[in-house]
Every structure is written in structure tokens, then in C-alpha cells.
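Residue-level listing of the chains:
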Amino acid sequence: MPEEFIIAEDLDLAWSNFEPFYPLPANSPFHVERKGKPLNRLKRALLRQHRQSPKYFFSGHRGCGKSTELNRLAADGDINENFFIVKYSVKEVCDVNNLNYVDVLFSIGAQLYIQYIDSGNKLKPELIEQLEGWKHSIEKISEEETSIEASIDGGLRTFFVSVLARIRAEDTTRKTIREIIEPKLSDLIDKINLIIANIESNEKKKVLVLIDDLDKPRLEQAKEIFYNSQTAITQPICYIVYTVPISIFFTKELTAIKESKYFLPNVKLHFKNDRNSKDEEGYGLMERFIFHRMKADLIQPDALNLAITMGAGVFRETARIMQISADSAIENDRDQIIVEDVKRAEREIRSDFKRILKTQDYTTLKEICQDNEIHGIEKIEDLLHNLSVLEYMNDETWCDIHPTLVELIEND
Amino acid sequence: MTEIKDPIEARVSRLGNYLIRAYKYKKASILFALYLSEYVRADVEREIKKLLSEQGLKAISVDAGEHKDLPSFFASSNSDQTVFIVHNMEKGFPDSLRYLNFKREDIIDHQVKALFWVTDKELTRIGNEAPDFFAFRNRVVEFIEVPMAEERRPALVEFALETEFKSLDEIKHSIELKETLLSELSEADEISGYLLNSLGILFFQLSSYKKAIEYHEQALVIAKEMGDRRVVGTSLGNLGSTYSSLGQVERAIEYYKQALAISQEIGDRRGEGTALGNLGLAYGNLGQVEKAIEYHELALAISQELGDKRLEGAALGNLGLAYRNLGEVEKAIEYHEQALAISQEFGDRRVEGISLGSLGNAYSHLGQVEKAMEYYEQALVIAKEIGDRHNEGIWLGNIGLAYSDQRQVEKAIEYYEKALLIAREIGDRRGEGTSLGKIGLAYSDQRQVEKAIEYYEQALVIAREIGDRQGEGNRLVSLGNAYSLLGQVEKAIDYYEQALVIGKEIKDPRIINFCEENLKSIKS
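Line by line, the protein sequences give chains A and B. Everything in the first sequence is counted per numbering that gives the first Met the number 0, starting at 0 for the first residue and increasing by one. Everything in the second sequence is counted per numbering that gives the first Met the number 0, starting at 0 for the first residue and increasing by one.
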């Protein structure tokens, strides 16, 4: 999409700059550097020597900048020097609505092949021959079983694309293709690893696969993939970074692989159990986030503070609050956002929460509001997803309720 | 948290400005407009379209029931100047929710400008079932107003009268909306009457009987002012049912009799049948079973005359109940089977479930516990199927009782706990108290008297809180029994005496006899 990055000098353009949708592309001037560069830890881990190619699990709250950070990692100079990078979003190549580990593994193989060939490279003839043989074995069964129209032989690339298309297709087609591949899974993994080995020997670089949006499937499917098929999805011999849904990130099933988990925390604005305290660094960061998009004199200092507080340290939420506030100021013929505008945004967001929270949620929120502790991850899965509960991290992980809800919960 | 609402024009232009700015900056736009009345929706939509066309934008109305894959539909018919105005969201659920959630980025990539009309219920479902899509929203703008013109009433009346909800959250939402609406209506009229009535019923469902009475009384006043005799009768009947739930049966009878007189006066046969049935139930509660049967027979006759199968099923079921109380269980079973046949013939699942459960009760009475269980299980399945949580709790409780009869006390407690949970979930305080009382009895059976007392006391607190005199009397009796078991005679006497006072007040022969006998035997 065509994007212009101009720091707004009026509220109209500010409104536009605070849209709550996109992850930022890698070199956007709107980007703000987080303290300690949260992905530097992951970057350092990737650059270290490993005996076996490691798999990393990466998570963070909805709207906290996961895709943005992943885009930046893929564009990083050191990473590019050391790796041949294959980055893709699973939602673009599979159907996140219905996804299993066979799809994920196949997409890795397909993307490795397609992206490598598309950037003008060649695999060695012996490997091509092997892949052709494997392709025929799959197509043969698939024709027998589905009487699909004889596929036009467009070579391997067409094969990968067409199988991916079938994985994305409606239920029966998808089921058939999975049933063909699944019993021959070791074949698939074998082929993936041959491609990886070939790329690595050609490029004299390791292969790094970055898979975005794996936090998007339905929770039960994500669990099926990450809990029950963990062995399978860690079989490819390349480096892989998987995004995972936040609500399974902290569960015991994923604690086994503790050292390879990376969490992109929300920006901390206050300290645990002290809602009146102020984390100056966090405020500073969010302030930069805002002032990268509009000029400072478009908002009063008090209003700025309130907007940051109510944004909970989540970029997308802060953007939405700023957008509503900007609109409110325009509506009232002001050229500066004042506290009243931010309060309107706060009220609206609180109303939105009131509509989706269930009665029993209030009990859980109250508990969290009181001691900032997580009492059983399973209870707060949905709450983490809808952002009514947010996780923060320093030495330990703690959480708090969304700041727009504090008034509601404390007076309940 | 009342908020001063901006004038409707300001909110219309707010939406317009978002869309026009999105066009100017080539951005996508995901807006929600919350509404209640189709008429208001039509007005607002017309105004927005006008605003948009002045800016050269073209609005397309989209029926979500016809295009479940909205993101694809948007992508295929989008242009820079297009704004999609989507309505009928619920028709596309649940498929449309999944498409929106998973393809939300397509909407952004194609710079689609869309405004979604949603009711409160629809927005709640979107927030919960398409959370990623909801996270992309720019804003929600509310248009919760009441249309004023007369011809616009029907939809609003329908909303005002709606009282069938499946969960506590839905009930609470509905109460909130209706109370807001009520406070906005400038003068008492037909609509406020309907709103008051349905608020009364909703609070009744939550066992907030005092609030229910308040609302029904207000509804009664308005109905009298407007001279609407039929509504006067309904309100009186509702007041009767509420007092009956509070164990104030005599008072309930007074109201039912007034309701009966009115229905006879205006020739409302159905209302007459309902009032007769209520009277029958009330006399049954007072232990005057023959009188109860007379009333139920009258109600039955009217239902047959009118050909009103629903009323007939109820009358037959009530007769079954009465005969069971007389100890004529076989006759009771006959009536319940007739009621069952009618409900099955006319597809009334609710009555079918109740009839099955009643058959379970009857067989349990006969000591045929296995047969009783079979019926309860069937009743349970139906209750779950139609989302009738209240009866689901009742059948679970009765299954518990059946286990308790078989001396399987632990199993019994398990089921009582399930019933307790449901009562709490749907805010049914009365049911909560009943379950607590049953759990107490079960512990007492296991000779864990102290634990039993804890439960009785909790149940007592609830009965007093909601003003349920009968429940209060029952709990006091249980407490008397418990202390008597512990050999604390003074305390036992005290509780029996308290219970006796209540028993006399509400003329409950069961409580009166029991307390008098026990007091006599303890004191001697």
C-alpha cells in the first residue's frame, strides 16, 4: 500500500496517522525504538553458534507491534549477512480458519522452494529429480482418490502453489490432500531438509524461516499444532521463528522449551501493584510514538499523559485513542486535543469493553486488579485476547486490567 | 454512568467525517453504528448517504445475510468512492464472523470503507467471536434512540416486550437498555408500560422480586391511567406471580382474583384461563388441593373451548401436579402423559420438557427411581437444547434428589452442586437458595451436621434477602432439625418457633404441622 510518513501539523492529518490497522514496514520513520530493543535478544540468540538449528516461539499482545518487529528483524543487516531469510505470513498461504501441522510443514517446504527459486536461484539437478519423484507420488494418489482433473504439468513451482491452493480450498479438497501427505510426513520432512541443505551449501549461509500470523488460528487449532505436534514442527533442520498466540505462550505445555521463547512485552507505564506510579521510560517511549506521528503542540500535556495512560502501553490501543481524541477536537472546532477529548475516547473504549465482558469476567478482573497476579492462565485466555487483561514484564511477568476499566471494576 | 448524548446530527456527521477523511487519505475504515430501532437506522442511513454523495462518495447497502464472506464481497465491488453500509449482521452469523476475523486484513489492504449496523447483541458477538476484527475498529457510534412517530411503534414494542433470553448477560444487557430507554421517554405512555412490564419479568427471572414488584406496580398505574384493562389484568397477574414466588400466597390470590374479574369483565378468555390456572397453583401451595383441582378443571375447559393447546398443556400438567400432591400418582401420570402428547403434537419443546420432568417426579414418588431418572435425563436434554437454563437446574436438582432417595448421597451432592452453579450463572437467587438447602440436607444425612448448618444459613440469608417467606420458613425448620440432632435443644426450639410464626403467616400447613409436633415432642 502506498504510505506517506509525514508528521502531522494539523489534527486532520494526525487523525490519518493514528489509524489502528497496519504493522509498520521495516524502515518507517513512524517506528519508535523500544528500550533494550526487545528483539535484540532474539537477534543475539539467532546469531549465536548452535549445534542444532534452533526453533523460537515468539508472542505478544494483539496490537503491540509483533509484525512490525518481525518485519524489522527480517530487514536487519546482521541477520541478512548470516541468513538466507524466508519470511511469510501463514494467513497468506494457508487457511488460518482451518489449519493443522501438516499445512504448516508443507507451507515451510513450499515457501522455501518458491522464495528461493523466485529470487533467481537454482537447486542442484539431483535434488530437482528427487522432488519431481516425490511430486509424482503425491499427484498420483491424489488423482486416484479425488479424480481431480489431470493437473497440467507446470513443474515444481506449480506443484507447490497448487497444493497450497488445495490446502486453502474448501473442506473436502483440503482433507484429501492432508490425508495424502500425512502418512508420508517423513518424506515431506526429508524433502524440506534436502532443500534447506542445498540452499545452505549454495549460499554459504544458514536458512532462517520467519512465520508470521501463526497466532491467528482458532485457539484449539493452535494448541493442536504447538502442543501435540511440537515434535513434527521442530523437525526441519533450519532456524525457525514461530509466532504463537499469547494465551498459550505462558502455559505449561510451552514451558518445556523455555529458553527459546521470546515475548514482545507491552510497554510498561507503571509498576506492579502501584497504579499511581509512573514508569518514565514507558511514558517517554509512548510520547515518542505519538510525536513521531504528529507535532507536540497539537495536544495539551495533561491530555497527552491521559492518552498514554489509557492506551495501556499497547500501540494500537494508543493509536485508536489518539484518533478518537483528534476527531473529538476537530468536531469541537479546536486545533489542539484537550483532556475532555481523551476522556471521551476513554468512555467509548470502556463502553466497548462493557459489551463484550461476561459476568464471570468481572470477578477475574477484580482479582487481577487487586494483586496484579495471574491466577490460572486458562481463566484469562479470552481476557488476554480481548485486551481487558494485559501482561507486562520486567524480572517477572505480571498483569493488570485495561486502564479504562479500573474505574468500573473498583466501583463495582 | 449516564452520559450526555450528542445530538443525532453530530453523530451522523461524525460517521460521515470518518468516512470522508478515510477517502481523502486513502485509508480503510471500520466503523460500527449501534442501533435499536430500524426506523432510526433508516433515518441515519439516509442522512449519511446524503453527506457522502455531497462529497462524491457512493454508498452501497449490503445485506450480511446474503454475503457471508463480506471481505471477498468488499474486495470484488470496491472502488475509491465506495462506502459499504452493512446491515442484517446476525443473518450471516456465525460464518460471517469467521470470514471477518480471518480476512480482516483484506479489508485494510483494499482500503475498504465500511460501516456496520449492529444491535447490542450483534456487537457483543462480534467482540467475542471475531476479536481480531473488532480490534481493528476505528470506532463505535451509538444511535440508541426511540423513534417518536406513532407508525414506528411495532418494532419498538417488540423490543420492549422481549423477555426470552438465554443467559444472565443477555438479561442484564436487556435490563440496562430498557432502563436507559425508560429514562429517556418523556411521558408515560403505552411503550413505557410495555417496558415496565418486561423489566418486571426480567427482574423476576433474576429473583429480584422487590424490583419486579416495583416495576409491575408502575406498569399497573400506567395501564390504569391509559384505561387499558387488558394490561391492567396482565400486571395484576404478574404481581400475583411475584408475590407467590415470595411465598406470600394469600396476597398472590388476591391479585389473581382481581385479574380474573377483569378478564371476565372484558371477555378475555385466554386471560381468564391463565388467572384460573394461577389460582389453582396458589391454592395447591396452601394445601387446598381439591380447590386447586376445581380451578385447573375450569382452566382446562376454557383452553379446550378456545383450542389453545399451550393453555391446555399447562392445565393438564397442573392437574397432574395436584393429583400427585393428593397422593394419586397414577392419575397424575395420566395427566402428565396427556400434556406430553399435546406438546409433542404441537412441537412445544418447553412444555414437552416440563412434562417429561414431571413424569420423572411422579415415578420418583412411586419409588421407581430408574424410570424417574430416564425421564429426568430426557427433560434435561430438552432443557439444554432450547437453552432453558432454569429448568435445566431444576431437573439436575431432582436427579440429585433421586440419588439421595437411593442413599447415594455423594452423587446427590454432585448434582445439587451442578444445579447451584446454574442458579448462580443465571442469577436465580431463589434456585440458589433451594440448592443450598438441598446440599445442607444431604450433609445432614451424612451426619455432617455442622456442615449442613453452614449451608442452611447461607440459604436462609438468601431467602431473607429476596423476601422469600416460604423458603425462609423451610430453612428455619431445617436449622431446627439440625440443632435438635446436635442435642442443642434451646436453639432448636428457637428456630422451630421462628419457623412456626412464618408458617402461620403464610398459612403453610406443612410448616405449621411439622413445627407444632416437633415443639411438642421436644418440650415433653
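Hints in this document: simulated from the structure, not taken from any laboratory. Just so you know, these numbers come straight off a predicted model, no measurement behind them. There's no promise every hint is true.
List time: in silico DMTMM-like cross-link candidates among lysine to aspartate or glutamate, alpha-carbon distance up to 20 Å [to be verified]:
(1) B:K450 with B:E409
(2) A:K353 with B:E424
(3) B:K23 with A:E8
(4) B:K67 with A:E330
(5) B:K23 with A:D94
Some chain B residues judged to face chain A by a derived CB distance under 7 Å, without partners named [what the hints assert, rightly or not]:
(6) R97
(7) A134
(8) K370
The beta-carbon is built from N, C-alpha and C at its ideal position, and this holds for glycine as well.
Now the hints, each set against the structure:
1. B:K450 with B:E409: Holds. K450 (chain B) to E409 (chain B) sits at ~14 Å (cutoff 20 Å).
2. A:K353 with B:E424: Status holds; Cα separation ~18 Å.
3. B:K23 with A:E8: 16 Å, holds
4. B:K67 with A:E330: Distance ~35 Å between K67 (chain B) and E330 (chain A) Cα, so the pair is violated.
5. B:K23 with A:D94: Judged against 20 Å, a Cα distance of about 33 Å means the pair is violated.
6. R97: Hint holds; R97 (chain B) Cβ to chain A Cβ min 6 Å, cut 7 Å.
7. A134: OK, holds: A134 (chain B) within 7 Å of chain A, min 5 Å.
8. K370: 37 Å, violated
In this structure, the hints that do not hold are numbers 4, 5 and 8, in rising order.
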